[in-house]
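In case you want the letters, here they are:
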Amino acid sequence: MKTIEEALKNNLTGLYYGSRVLLPFKCLLLKVIIEDDIITDFSPNSKSIYLNETESFTEIYFKQFKNLKEAVSKFETIKLIAVEKDKNIFDFKNHIKLALHIGEEHKLTIEKTDEDILFIE
Amino acid sequence: MVLNHGKKIKRILIITISFLFFLNLNATAAQAVGQKASGTLTNVLNTSSASEKLLPAAWMIIPFLLLLLMIATGPIFYKHFWEKHYPKVSILLGAIVVVYYVFILNNYQSLVHALAEYISFIALLSSLFVASGGILIKVNKKSTPFVNVVFLFAGAVISNIIGTTGASMLLIRPFIRMNRNRIKPYHIIFFIFIVSNVGGALTPIGDPPLFLGFLSGVPFFWVIKNVWFIWLPAVLLILLAFYLFDINNKRAEEKGIEYSGKIQFKGTRNLIFLAIIILAVFIDPVVISWIPSLSPLPFGLREIIMFAVVFLSYRYADNEILKDNEFDFEPIKEVAYLFLGIFATMVPALQLIAEEAHLLGSKLNAGVFYWATGGLSAALDNTPTYINFLSAAMGKYGLDVANKAHVIQFVSIDDVYLQAISVAAVFFGSLSYIGNGPNFMVKSISERAGIEMPSFFSYIIKYSLVILVPIFTVIWLVFFYGKG
Numbered sequence: 099m100k101t102i103e104e105a106l107k108n109n110l111t112g113l114y115y116g117s118r119v120l121l122p123f124k125c126l127l128l129k130v131i132i133e134d135d136i137i138t139d140f141s142p143n144s145k146s147i148y149l150n151e152t153e154s155f156t157e158i159y160f161k162q163f164k165n166l167k168e169a170v171s172k173f174e175t176i177k178l179i180a181v182e183k184d185k186n187i188f189d190f191k192n193h194i195k196l197a198l199h200i201g202e203e204h205k206l207t208i209e210k211t212d213e214d215i216l217f218i219e
Numbered sequence: 008m009v010l011n012h013g014k015k016i017k018r019i020l021i022i023t024i025s026f027l028f029f030l031n032l033n034a035t036a037a038q039a040v041g042q043k044a045s046g047t048l049t050n051v052l053n054t055s056s057a058s059e060k061l062l063p064a065a066w067m068i069i070p071f072l073l074l075l076l077m078i079a080t081g082p083i084f085y086k087h088f089w090e091k092h093y094p095k096v097s098i099l100l101g102a103i104v105v106v107y108y109v110f111i112l113n114n115y116q117s118l119v120h121a122l123a124e125y126i127s128f129i130a131l132l133s134s135l136f137v138a139s140g141g142i143l144i145k146v147n148k149k150s151t152p153f154v155n156v157v158f159l160f161a162g163a164v165i166s167n168i169i170g171t172t173g174a175s176m177l178l179i180r181p182f183i184r185m186n187r188n189r190i191k192p193y194h195i196i197f198f199i200f201i202v203s204n205v206g207g208a209l210t211p212i213g214d215p216p217l218f219l220g221f222l223s224g225v226p227f228f229w230v231i232k233n234v235w236f237i238w239l240p241a242v243l244l245i246l247l248a249f250y251l252f253d254i255n256n257k258r259a260e261e262k263g264i265e266y267s268g269k270i271q272f273k274g275t276r277n278l279i280f281l282a283i284i285i286l287a288v289f290i291d292p293v294v295i296s297w298i299p300s301l302s303p304l305p306f307g308l309r310e311i312i313m314f315a316v317v318f319l320s321y322r323y324a325d326n327e328i329l330k331d332n333e334f335d336f337e338p339i340k341e342v343a344y345l346f347l348g349i350f351a352t353m354v355p356a357l358q359l360i361a362e363e364a365h366l367l368g369s370k371l372n373a374g375v376f377y378w379a380t381g382g383l384s385a386a387l388d389n390t391p392t393y394i395n396f397l398s399a400a401m402g403k404y405g406l407d408v409a410n411k412a413h414v415i416q417f418v419s420i421d422d423v424y425l426q427a428i429s430v431a432a433v434f435f436g437s438l439s440y441i442g443n444g445p446n447f448m449v450k451s452i453s454e455r456a457g458i459e460m461p462s463f464f465s466y467i468i469k470y471s472l473v474i475l476v477p478i479f480t481v482i483w484l485v486f487f488y489g490k491g
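Residue numbers (the numbering used here), protein chains in the order written: chain A, 99 to 219; chain B, 8 to 491.
Simulated from the structure, these hints should not be mistaken for lab results.
Treat the hints with care, since some could be wrong.
Derived EDC-like pairs: lysine to aspartate or glutamate, alpha-carbon spacing no greater than 20 Å straight-line [said to hold, decoys possible]:
| hint | chain 1 | residue 1 | chain 2 | residue 2 |
| --- | --- | --- | --- | --- |
| 1 | B | 86 | A | 168 |
| 2 | B | 330 | A | 134 |
| 3 | B | 340 | A | 134 |
| 4 | B | 145 | B | 325 |
This is chain A alone, in the form it adopts within the complex (with noise of 0.2 Å):
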């Protein structure tokens, strides 16, 4: 299993099929902001995000969009504020932003956003 570094430093893709989204590594989400939604509440009962975690990747299920390729268009991206499984989550300094492109044939491009990409926390 992959940490988030490791799978940025090996330009690692992740999948989108419909509205789930497979990232190849571990990790804690502590806030997602798809379109002007921003969600924060990751528990079972949340009414627009599922979360599963197997030996390999994690999965994310949007639940209030059918298609996410329809949802998010070219210029736009899935923003996630996400902490290594092993770092501590009470030092912002190990908050890492990634911004998740909907690419063509289901594949999802991972990236850390840089300061062009408007990202608060």
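We have chain A already, so just place chain B on it with the hints.
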């Protein structure tokens, strides 16, 4: 997704143009039976046909009220239904009025008139939206209350040059970036107050209601000449309120950040497109005599230029800038669909209000116009509100808003009514998220950046009622109380 949007836009344009031809064919047929019909916006505005004197039934304003009610409540109470079905709702309600006018009143003229105004309106908004979406500004400067005040004041001025929509699109991201270490919802709310609304009260390019006034015959420079002395104290008072909020923002600055003080600007080519849009506003046979009229088409060279800018500025935009701006056609698509319905459904409301105002006569003073226009602009969209109350004020003198010569005559009779309507329509649009098109766009961009914005009602209760209403009351007391 963008390609899909592109296809959808093409389809909408094709349907719209087909619809125009259909209406024009019918208008030409109507001409044969004695009605004056004309296709160009200018001629339409100057023509007062016999059919317009036939008043619609009072219940025909129901589609208009229903649409405005749904625009207000949809995004809050039934968000997902509204997001999916608003185009159908808007077109269906508009179609009810179109069918009524075509088959019951046999009045094609009013519809052609409304359609011509719609095309001009959407041409301006979409061109400003797309051209400014291809520009990226980065201000590498430490944000302080004073720097923010200067930024917002500059935004207020710029909104008169590229419109509140263009200025909001262009400046909201640099404003958030500049304040990223101390950003709070009030920053965005004051941005909406000043740049997205109040600031744009000086020129017809500033805010859609004033542009519609210009299209109806209000001289271009009338606004700045007659409104600047109301605009300046209003902007300064709101800035003072912002300053008081901002000096109390004690959020700790991140240490070790160095600021170069530089302003970086990308997408210079799109500045040329913005300049073309501004120049195109004046390309009208009435303003410049040698400009060819495209009669009987209900649009002119101006609209063709603006739509060409939409295509070219998107086609040749830097993809990196579009990515950084997270450019999406959705906001302008929403405006295009909703205003298609608004322009169609407001036709009977316009005629009925003008008639009522004519009957009420001297009972309506400038203060009544100020609060009535403002109150409705806050809850509904300010563009139809402006034109409805302009129509009402002109009705006092037996003048018709659909007749350009009448509008020019009205402006020369008494300034105070048009001042009250213009100021109220623009200023009060800031009272709620739905008062003006850019308000929701700015809210959406801010939320996409991770800023949790107040709800519809929190915005009104915590900010509008506390900050704006007292300022607008002062404006009323000083400029409109007991006048007219």
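Exercise for the section: Quickly compare the C-alpha distance for residue 340 of chain B and residue 134 of chain A to 20 Å and report which way the hint goes. Expected result: holds (16 Å)
Handout entry: Agreement of residue 86 of chain B and residue 168 of chain A with the hint, judged by alpha carbon distance not exceeding 20 Å
Key = Satisfied, since the Cα-Cα distance of roughly 17 Å is no more than 20 Å.
Handout entry: residue 330 of chain B paired with residue 134 of chain A [C-alpha distance capped at 20 Å]
Key = holds (16 Å)
Handout entry: Pair hint outcome, residue 145 of chain B versus residue 325 of chain B [Cα-Cα no greater than 20 Å]
Key = holds (16 Å)
Hint compliance for this structure: no hint is broken.
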